[in-house]
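From first to last, the protein sequence lines are chains A and B. Take the first sequence: its letter number 61 is residue 61 in our numbering, and every next letter is one higher. Take the second sequence: its letter number 37 is residue 37 in our numbering, and every next letter is one higher.
Since the hints were derived computationally from the structure, they do not count as laboratory data. Keep in mind the model is a prediction, meaning the values are calculated, not measured. Mixed in with the good hints there might be a few duds.
Said to hold, decoys possible - Which residues of chain A face chain B? A partial, calculated answer using Cβ under 8 angstroms:
#1 Y7
#2 V57
#3 T59
#4 F64
#5 L121
#6 S122
By construction, the Cβ of each residue, glycine as well, lies at the ideal position given by its N, Cα and C atoms.
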Amino acid sequence: MLEQMLYEDSINFTNVSHHWEEALQSSSDPLLKRRIISQDYVNAIIRNVKELGPYIVLTDGVAFAHARPEDGALASGITLLNLKEGTTFPNKEKPVYLIFTFAAVSDDSHLTMLTELSHLLSNPENINRLKNTETYEEVMEIVHENIIEEDYQ
Amino acid sequence: MKMLVVCGSGLGSSFMIEMNVKEILKEINAKNVDIDHSDLGSASPDQADVFIVGKDLAGAAQSLGELIVLNNILDKQELKERIVERLEKDSLI
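Construct the entire structure; sequences and hints are all you get.
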């Protein structure tokens, strides 16, 4: 599921340093372009971080940005932004290098994808490898390997 | 015992943690434990006995009641230790 949802234009790399708000906007852009979300959705993601804290930072170096379906999700989708310079969220010391931005139209339409993503990110080695990718193909190779492992379990 | 995993939106990280808790409960053969997930805005103290949150939401979740606060929400080992510790306290395992 994760593999099918990550299009070539959903995975982006940047060497430019970003403020965390710009980074969230930038990681949402492919979803905006595909009309998977509205700008309200991006605003809700940023507002939630301001109001509730950096809870979208899942583990060192990785953020999982999302809001509620009713905040402006028009379809389901996911992107990955690889920030080579990293970005620092409020009240977080360690920078975030990978931002997955995600939208779903209902609470349960995305469960398979979340299971796969959680499996992928629960191995710190995968996070390290993803950080060092330079191309779409390299990212997809890591995603693919991990989905195969899951199937064999 | 009822446990509720809480995150900011109730569909991302809280769901990931819930899946891990379910796996752990099966592994340690814990019975009589209910687990669900929700968002901080709609969670209320009467919904569960114990609330599980990541450390970034601990402050905002304080008013819910008893909390299990996780340093790293993707760390299954940490989660397992904290769940086992809490269930042993009530002799549920």
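Against the structure, the hints:
The closest approach between the C-beta of Y7 (chain A) and any C-beta of chain B is roughly 20 angstroms, which is over the 8 angstroms cut-off, so the hint fails. The interface hint given for V57 (chain A) is met, as the beta carbon of that residue sits about 7 angstroms from the closest beta carbon of chain B, less than 8 angstroms. Because the beta carbon of T59 (chain A) sits about 5 angstroms from the nearest beta carbon in chain B, less than 8 angstroms, this interface hint is met. Annotation: interface hint on F64 (chain A) holds; nearest CB of chain B at approximately 5 angstroms, less than 8 angstroms.
Checking L121 (chain A) against chain B by beta carbon gives a least distance of about 6 angstroms; that is within 8 angstroms, so the hint holds. About 5 angstroms separates the beta-carbon of S122 (chain A) from the nearest beta-carbon of chain B, less than 8 angstroms, and the hint is met.
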